[in-house]
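According to the working numbering, the sequence shown is numbered sequentially starting from 1.
Hints were generated in silico from the structure; no laboratory data involved. On a predicted model such as this, the values are computed, not experimentally measured, just so you know. All C-beta atoms in this analysis are idealised placements derived from N, C-alpha and C, irrespective of residue type, glycine included. Possibly wrong hints are sitting among the right ones.
The calculated lysine-lysine pairs, modelled on DSSO-like cross-linking and capped at a C-alpha distance of 27 Å, are [stated by the list, open to error]:
| # | residue 1 | residue 2 |
| --- | --- | --- |
| 1 | Lys258 | Lys294 |
| 2 | Lys258 | Lys120 |
| 3 | Lys269 | Lys309 |
| 4 | Lys309 | Lys171 |
| 5 | Lys266 | Lys309 |
| 6 | Lys126 | Lys294 |
| 7 | Lys294 | Lys363 |
| 8 | Lys309 | Lys149 |
| 9 | Lys294 | Lys309 |
| 10 | Lys124 | Lys171 |
| 11 | Lys294 | Lys124 |
| 12 | Lys309 | Lys120 |
| 13 | Lys294 | Lys171 |
| 14 | Lys149 | Lys171 |
| 15 | Lys266 | Lys149 |
Here are the computed distance ranges between Cβ atoms for each label pair [claimed, not checked]:
| # | residue 1 | residue 2 | range |
| --- | --- | --- | --- |
| 16 | Asp311 | Phe343 | 27 to 33 Å |
| 17 | Thr325 | Leu256 | 15 to 21 Å |
| 18 | Tyr136 | Val59 | 25 to 31 Å |
| 19 | Leu321 | Phe343 | 24 to 30 Å |
| 20 | Glu352 | Glu96 | 15 to 21 Å |
| 21 | Phe345 | Arg64 | 24 to 30 Å |
| 22 | Ser359 | Pro331 | 44 to 50 Å |
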Amino acid sequence: MAQDENTAGIRWSSVASGLLSAAVVFGGLTWAAGPLAPELIQHDEAVPYRENAQGVREVSFAERLANRKPEVVILGSSVTACAIDPELLQERSGREVLDLTIAGGMSASWYLLTKNVIAKGAPKPKLVILGFRDVYLTVPDFRVEGRYKAMLDRYVDGPEPVLDRRAYLAKLGTAEYLLRRHWAPFQRRDVIRDRAEALAKTGLPSILLGRSEDQLRESVERVFAEENKMHPEVNSAEEKALASDLDRHFDFDEVLPKSFLPEIIKVAKENGIQLALVRMRPRRNAEPLERQLKYPSFFRELLPEYERKLDNYLEQQGVMLFDFTDDERIPLEWYARDDHLDFDFGRRGFTEILSEEMSATLKALD
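Whenever a hint applies, use it, and build me the whole structure from the sequences.
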């Protein structure tokens, strides 16, 4: 009996010792990592205005909105800007129309503009026309890095957890996201990992092998030099990864809850703004059938089902959709570059068609 009690006591002592050690390690890591960063993604402070190449101050979108007080606002990328002429649409509709399209902008910019600019208008616009193509409406991490991040940061207003989670941290699982958000060592794990790898690759080996870190680094670079790669295998792996990455964008049920689309719709509804989506006609659909077959097969095999589900979702949400995908009134001759219409006759022609299709909607804004 006494022996059993002693054994149990030893076991509990070992467990307590292990827990204490773990707590010490956990605490040490937390202390060493420093304070918890309030935001996982750092955004530059948005400047109230910027200057063009000639040093002339540009009026911000918020200022344009305040000055013009439009009833209709146009959102989208340069494809939309080359398709919808705001002055002509205003002339045809009798409504004040303001163009807030951004060249290169995609769903993250449309979300920020809707939430931080349009919804804060006084008065708020009655209608937002958002032009889009293919699956870009539900690809939240497209065009959010580099110069695009600098552009997005102009429209950030305080903490942006939805933007950060969906545009920059989309690949993190729930557990990993929570750890990164609430535990400093996990936030800085990339820095810690890089330092550890550098120590493992050069620091310790240089001591053990009696070679300098520069010599070891040169050896590693020689082994992994471009000319030593097995290019067919590398190309094959890259093509498979690209195909796999593209396929996921066409799974509407999977991508919808991770996209900005529900948030854009939510903000519009909460602010009494009617949202109208305009699906642009891509250049490939205006080309002869034999040339259409040269485009990637996912446009024929995956896109139709994606569009069917998107259409059903928008109908359920009470969002208007004007679909020009197969509209033969938009000929190949109207295109200038890729999916961009000619800025003169193509833009005018499409705006005439759009104003006709949206005439009832525009009249009902009263």
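Here is how each hint holds up against the structure:
Between Lys258 and Lys294 the CA atoms are separated by roughly 31 Å; this puts the pair beyond 27 Å, and the hint is violated. With a C-alpha separation of about 24 Å, the suggested pair Lys258 and Lys120 falls inside the 27 Å cut-off, and the hint holds. For the proposed pair Lys269 and Lys309, the alpha carbon gap of about 21 Å is at most 27 Å, so the pair holds. At most 27 Å may separate the alpha-carbon atoms for a hinted pair to count; Lys309 and Lys171 meet this at roughly 24 Å.
Of the pairs offered as hints, the one joining Lys266 and Lys309 holds, with about 19 Å between alpha carbons and a cut-off of 27 Å not exceeded. Under the criterion of a C-alpha separation no larger than 27 Å, the hint pairing Lys126 with Lys294 is inconsistent with the structure, at around 42 Å. Annotation: proposed proximity of Lys294 to Lys363 is violated, straight-line Cα distance about 42 Å (limit 27 Å). A threshold of 27 Å between alpha carbons decides the hint, and for Lys309 with Lys149 the separation of about 30 Å lies outside it, so the pair is violated.
Straight-line distance between C-alpha atoms of Lys294 and Lys309 comes to about 25 Å, which keeps the hinted pair within the 27 Å bound. Using a Cα cut-off of 27 Å, the hinted pair Lys124 and Lys171 is violated, with the two alpha carbons roughly 35 Å apart. With a C-alpha separation of about 45 Å, the suggested pairing of Lys294 with Lys124 is violated against the 27 Å cut-off. Restraint check: the Cα-Cα separation between Lys309 and Lys120 comes to about 31 Å, which exceeds 27 Å; the hinted pair is violated.
Pair hint Lys294 plus Lys171 does not hold up; C-alpha atoms about 32 Å apart against a cutoff of 27 Å. Restraint check for Lys149 and Lys171: satisfied, since their Cα atoms lie roughly 18 Å apart, inside the 27 Å limit. The suggested pairing of Lys266 with Lys149 holds, with an alpha-carbon distance near 24 Å, which does not exceed 27 Å. Between Asp311 and Phe343 the CB atoms are about 29 Å apart, so this pair conforms to the stated range of 27 to 33 Å.
About 19 Å separates the C-beta atoms of Thr325 and Leu256, a value consistent with the hinted range of 15 to 21 Å. The given range of 25 to 31 Å is respected by Tyr136 and Val59, whose C-beta atoms sit roughly 27 Å from each other. Distance hint check: the CB atoms of Leu321 and Phe343 are about 25 Å apart, consistent with the given range 24 to 30 Å. Against the hinted window of 15 to 21 Å, the Cβ-Cβ separation of Glu352 and Glu96 comes to about 19 Å, which satisfies the hint.
Phe345 and Arg64 have their C-beta atoms about 27 Å apart, which keeps the hinted 24 to 30 Å range intact. The hint said 44 to 50 Å for the Cβ distance between Ser359 and Pro331, and at roughly 22 Å that hint is violated.
Violated hints for the displayed structure, listed by number in ascending order: 1, 6, 7, 8, 10, 11, 12, 13, 22.
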